[in-house]
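**Student:** Listed below, chain by chain, are the residues.
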Amino acid sequence: QKEVEQNSGPLSVPEGAIASLNCTYSDRGSQSFFWYRQYSGKSPELIMFIYSNGDKEDGRFTAQLNKASQYVSLLIRDSQPSDSATYLCAVNIYSGGSNYKLTFGKGTLLTVNP
Amino acid sequence: DVKVTQSSRYLVKRTGEKVFLECVQDMDHENMFWYRQDPGLGLRLIYFSYDVKMKEKGDIPEGYSVSREKKERFSLILESASTNQTSMYLCATRQGNNSPLHFGNGTRLTVT
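Protein sequence lines, in the order shown, are assigned to chains B and X. The C-terminal position of the first sequence is numbered 114 in my numbering, with every residue numbered one higher than the one before it. The C-terminal position of the second sequence is numbered 226 in my numbering, with every residue numbered one higher than the one before it.
Incorrect hints may appear among the rest.
Claimed, not checked - 20 Å max Cα-Cα, derived DMTMM-like pairs, lysine to aspartate or glutamate:
id : chain 1 : residue 1 : chain 2 : residue 2
1  : X       : 132       : X       : 193
2  : B       : 42        : X       : 136
3  : X       : 117       : B       : 45
4  : X       : 167       : X       : 144
Please keep in mind that the hints were generated in silico from the structure rather than gathered at the bench.
Given these sequences and hints, build the entire structure.
**Tutor:** Here it is as structure tokens:
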């Protein structure tokens, strides 16, 4: 099983709709989870991070974490064309000693249609 | 704001050349990472470092080495560049294990 898995998409939603992006991970010991947005030709930029089970909201974005199901998701409300990008899920995976590496899913391409 | 600077935005090298990619951060972060990003394969971790002179192999270290002589600088070295190392290389830093990564602008390397 891959360490971090995402649906590759593309996911297409109309402007104003809710976009739902999903991610599963294999390491039950993972404690921190991140969502990044990446525009074409640019570096990833952090949108949100979540450490505890439940929901975390920041503006139009909500991250949801369920450690029992090893599942993390990102909801984007009132989607805008400017939200069109690739969304990367990243999970801290134990790598030995006291160190963790941040492992990324392959990303989901989101297109928001005007 | 964290600033992560990669020395080159675009680089073209020939097969067999030794290539150095440099990354400098200004936030005194402990951890530094090198990833490569390829279409369909996503971001893959090459090497990371959690302290000066310390390094750990990531998921795809073959053909690469790294150097961290000073806290702010983390170098990726391609000992003998090959065409399959043509890629976008991204450097990133973070303060601790549970902190988010901050990325540089990337170096697009082409090996011909």
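**Student:** Now, for every hint given, state plainly whether the structure supports it.
**Tutor:** Quick rundown of the hints versus the structure:
1. X:132 to X:193: 5 Å, holds
2. B:42 to X:136: 18 Å, holds
3. X:117 to B:45: Holds: residue 117 (chain X) and residue 45 (chain B) sit about 13 Å apart, inside 20 Å.
4. X:167 to X:144: 11 Å, holds
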